[in-house]
Each structure stands twice: as structure tokens, then as C-alpha cells.
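**Q** Assemble the complex: chain E is given as a structure, and chain L must be docked to it using the hints.
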Amino acid sequence: MPPSTRASAFAELAPFIEVPSPARWRRLLRRDVLRRLSGRAGLTCAAVVCAVALFGPLLAPHDPFAITGGSLGPPSAGHPMGTDALGRDVFSAVLYGARTSLLVATGVSVIALACGTTVGMLAGYYGGWIDNALMRATELFQVIPRFFLAIIAIALFGPGLDRMVLTLGLTSWPVLARLVRGEVIAVRDLDFVRAAEAMGLPGSLIVRRHLLPHVMPSIVVALGLLYGQVLLLEATLGFLGLGDPGTISWGMMAAQAQGFLRVAWWLALFPGLAITLTVLGVNLLADAFSSARAVQ
Amino acid sequence: MHTVNRRFILGRLLQVVPTMTVILLISFLLIHLAPGDAVFTVAGEHGDAAYYAFMRHRFGLDQPLPRQFLTYLGRVVNGDLGFSYVYGRGTLGVILERVPATLLLTGTALAIAVVVAIPLGAVAAARPHGAQDVGISAFALALYSTPAFWVGQLAIIGLSLRLGLFPVQGMTSAGSGAAGWPHAWDVARHLALPAMVLAAQEVAVLVRIMRSAMLDELPRDHVRTARAKGFSAMQALVRHALPRALLPIVTIIGARVGHLIAGAAVVEIIFGWPGMGRLLIASLQSRDAPILLGLFLVVSLTVVLANLLSDLVYAAIDPRIRVR
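So the sequence lines, in the order shown, correspond to chains E and L. Add 3 to the 1-based position in the first sequence for the numbering used here, that's all there is to it. Add 57 to the 1-based position in the second sequence for the numbering used here, that's all there is to it.
Isolated chain E (complex conformation) (with noise of 0.2 angstroms):
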């Protein structure tokens, strides 16, 4: 088995992301990221996606659920994306998905945050039989196919974002565990280290004020990787009809449309792009980050 470096730790999410280093990372971020086309992107991408999630249901001309059209109307003045068959504003429906999608995702996110974190940081700092066991456990999770983990959980206790989430959050943290165990193996014998455990500071504050500053760049690049996978997780038990069918994201708009392929592109066009556009700015960000430390 590869040895579990940085570079394999990416394996699964992106091995072609290169892992910043700590160095000036807020300044990298404010300076250097935007200084990228890719990063300007990538920002705005998520900044409206961010307001509209934030703004959607102001912003919506219709309610969603409310049939204020023919059936199956193409792209018009009144109805920019089109109605769906029951008459409702699909652009409507759009501004109140994108609050879904994120939902879950952040949740996730959160979830996968914490434990990847504290596995990682207690496998690299303290080593041994600790670092054993932990790294184990960690791998026996990364090869739980968490996709149908989340569809047998939502089939068996019902559809609900609270168990997507929490069976999502609780299969996606490994890779993060194994890249902050790299990173702090790899900062662990340095000087700056050594010279606070012998001032006698207690390892809590070691991992906290000397640690965790040199994982946190790998961690952002690696979290919206991450990120934008999950939003495509959830958009495809979406798809499945496996979210809470009361809320309206787009995985199940992208549902629906599937009966009116031949009819209505509309309806299987615009939930779709707004997911790839969503997810496209996550992506760019993450990347332009890492490339902007690249460079450096």
C-alpha cells in the first residue's frame, strides 16, 4: 500500500491539488488568489450562489410552489427558466434550491471538519499506538461507499437532511484526517515545536497556537474540494428522490425534468447549470488557492 503521505492523502479526493504550505496564507488569500482569473471566478460563483441562498426567497419572483403559469411554458418575460408541468416558476424554484445544496453541504463540511481534525492532529502529534489505531480506523471508513450508505440510511429511517448530513459527514472526514496527519508529522521535530514542549506548554495548546496554523492552508484547499463533492453528492440522492420532499433543491428539479426530456429541456437545463456553476466556483477557488501557493 502507498505509505500515507501527503500526496496519498489527496489520493481519493484530488491528488493533483499541491498542499500549501503555512506560509502567509491570509495574505496568499486576499493577494495572490484574487490575483487569479480562475480565483476571481471562482469567488464570484460562490458569492451569488452564497446571496441567493442568503436572499433567494426574497429575490423570487413567484412562489415556488405556486402555479402562476401554463404547464410546460418555455423560457419567457414572466417566466425566464420556463414553468414546469403543474404551471410553477422553475427561476423561482432555482433561488430556493441553492438553499438546500449549501445546507448540506456546510453541514457536512462542519461535521467532516471536526473529526478529520481531531483524528489527524492526535494520530500526527502523539504518534504510536495511538497514530496506529486512529490511521486504521481511518482507513476502514474511507472504504465505506458512503453513496449508498446515505441511500440505505435515508430508505431505512426515512427521507431528511439531518441523517444526509450526518451519514455524509460521518463517512467524508478520512481524507481530511490523513492530510493533517501528513502535515503534522511533517512539522512535528521542528525546532519551533520542540521549543514549546520544553517551555512546558501543554500539548492542547501546542496543537492549537503551533499546529493547527500550518494545517489550516491544506485544510481550505482540501475542504473545498470537498465541499464541492458533497454538493454533488447531495444533488445526485436528490436526483434519487431521497432529499426531504418538502424542501425543493435541485436534485430533485433535475428529477422531475426527467420525464419531460423530449418536451421540456428547459426543465433538465437550469437546475443542472445552477448546481455545475456552484460547484465550479468551489472548485476554482480551491484551486486557484493551492496554485497561488504553488508559485510562492
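Keep in mind that the hints were calculated from the coordinates and are not lab data. These figures come from a predicted structure and were not determined experimentally. Virtual Cβ for every residue (Gly too), placed ideally from N, Cα, C. Treat the hints loosely; a few may be bogus.
[Said to hold, decoys possible] Listed below are several chain L residues computed to face chain E (Cβ distance under 10 angstroms; list not exhaustive): (1) Q72; (2) G150; (3) A199; (4) Q210; (5) Q292; (6) H316; (7) I326.
[As the list claims (entries may be wrong)] Covered by chain L, according to a simulated footprint, are these stretches of chain E (three or more residues, beta-carbon under 8 angstroms): (8) 78–88; (9) 192–202; (10) 230–241; (11) 262–268.
**A** Frame of chain E, contents of chain L only:
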């Protein structure tokens, strides 16, 4: 080719046991934590009292939990994944029937992806940040950000419905009783579009891995030596850098088998391809929990074995890998 360290192989094989045990434990816990009587989960919701009494006894549901888990383990090891009332027979049989179609789809998609992605990645790496590289990398990132069902729906709308290039649904033409070569041609025509749609996701990942692996290899001594000895840049790239850049590809293909099967499920649903994905959605609709759990186990085992296989292949072709 050298002999792979025997301890490495043995150790790696033994890892499969705890991994599968944990996966079985998760599926066992899900059965018992789910609201409602566990017997509905293993036997479906459409039986009568006598049948449930029989199944309860058969799965040992009247015994304490740890004992039940052992019974469950024993059953699964013997290939008994439960009974589907909807299909009226054992779950494993129903699932295995669907494997060939899914295997044909995923295998074809993977072949397409490898054939497309390796040259693209190599071309992109030949001149980093050149026009070709920027184009190929942007294309790969865009594909990586696209949900499979959207690509599938757009492909159906554009290529099948508008242009009539491909059949819209299914694995064979309706009512076609063809056999032999005409049958194979019919299946191939139906296979082409879903396989390309499924391949798109893999192309996105493989291109970028290939590119970064090539960028790692190109500055190395053996490539520079080849150049110094008078090989052209192209020859050095193809004959000296490319073979070693293929190593990460092996790992990634192994690590992404789970994604590939999940993608196949979606593509099958969109294109009406009669594999495990169609079975999945049908079982979701009929609330056929035994089939769903069986699918989870079969997919998990496939993922575990694929990881094992890719590790072994990697160890066999990369002499640097030893026991850790």
C-alpha cells in the same frame, strides 16, 4: 517484474477481514436502529404473520443482539443476504443477475476514460501553462464539477432526441429478437452514450492526475538523461516519463471504484440500463430493504477488493513499495 514481498501481500489480504466486519456491523446496526420491526427490514413489508415468524426465527431476531450479529455474519459469509419478498427469492441471486449489465457499462466507461485521459493529461503536461494545458485543465475542472445526471440528460436531449444519433433508453431495441452479431451491435449502440456519460467523470479526474504525475516525472534524472542522449522531447516524454506516470493512475482507478459504481447507478436510471442502479431505484420505490442492504454489501465488497487489487498491482509494478 520482481517478486512482491510476501508479507506485504499477506498483511494486505488480512486487512480485508476487519474492514468487511465493520461494514457488516454498520449494516447490522442500521437494520436494528431503523424505526419499526427489524423483521420488515430483512424480510420486506409484504409478508403475513406466519412468514414473519419464520423469518424472525431464521434470522435469529428473537435472540440477544450480539448473538444476532454472529448469526448475521454467518448468514452473509454463506452468501445469504436475506430474502426479497418482492422478487420471491434470495436477495443475492436478484443482485447477481444485474451485475453483468453494470460491469459492461462500468468497464466500457473506464476503458474510454483511460484512453481519452492519458493522452490529454500527457499533452497538458508537455507545456505547463501553455494554451493546450490551460484548455485541457479547464475542461477537466468543468467536467469534475458537473453532476452525472445533468450530462446524461443533456446528452439525451441533444444527441438522442434532437439529432437521433443514439437510442434513448434501454440495453436492446424493443422487440428485437436478434442474436449473435446483430445483437452485439444493438447492445453496443445502446451502450455508447451511457458509457461516454459515465466516462466523463473519470476523464475529469484521470486527466488531472496524469498531468500532475507527468509534471512530477519530467524533471527527473532519467528523463533528462534520455534527452541528453539525444532522444527528442516527444520520445523522452512518451518512453521515459509516461510509463512511470501511469503508476498513480492505477491507485486512483482502484480508489475510485466506489464513485464509478455510484455514477453507474445514476446513469443506469437515466438511460434505463438494466443493471444494479435500476434495481436500486426500483427497490427504493418498492421499499425492498433486503435488496438495498444486499446492494450495499455487494458494492462495499467490490470497493474493498478493488482497493486490494490496485494496491497489489501497484506493489507488483513499483519496486519501491515494501512492507511498511
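**Q** Each hint should be assessed against the structure and marked as holding or not.
**A** Now the hints, each set against the structure:
no. : hint    : verdict
1   : Q72     : holds, 8 angstroms
2   : G150    : violated, 20 angstroms
3   : A199    : holds, 6 angstroms
4   : Q210    : holds, 4 angstroms
5   : Q292    : violated, 25 angstroms
6   : H316    : holds, 8 angstroms
7   : I326    : holds, 7 angstroms
8   : 78–88   : violated (count 0)
9   : 192–202 : violated (count 0)
10  : 230–241 : holds (count 4)
11  : 262–268 : holds (count 3)
Violated hints, in rising order: 2, 5, 8, 9; the structure is consistent with all others.
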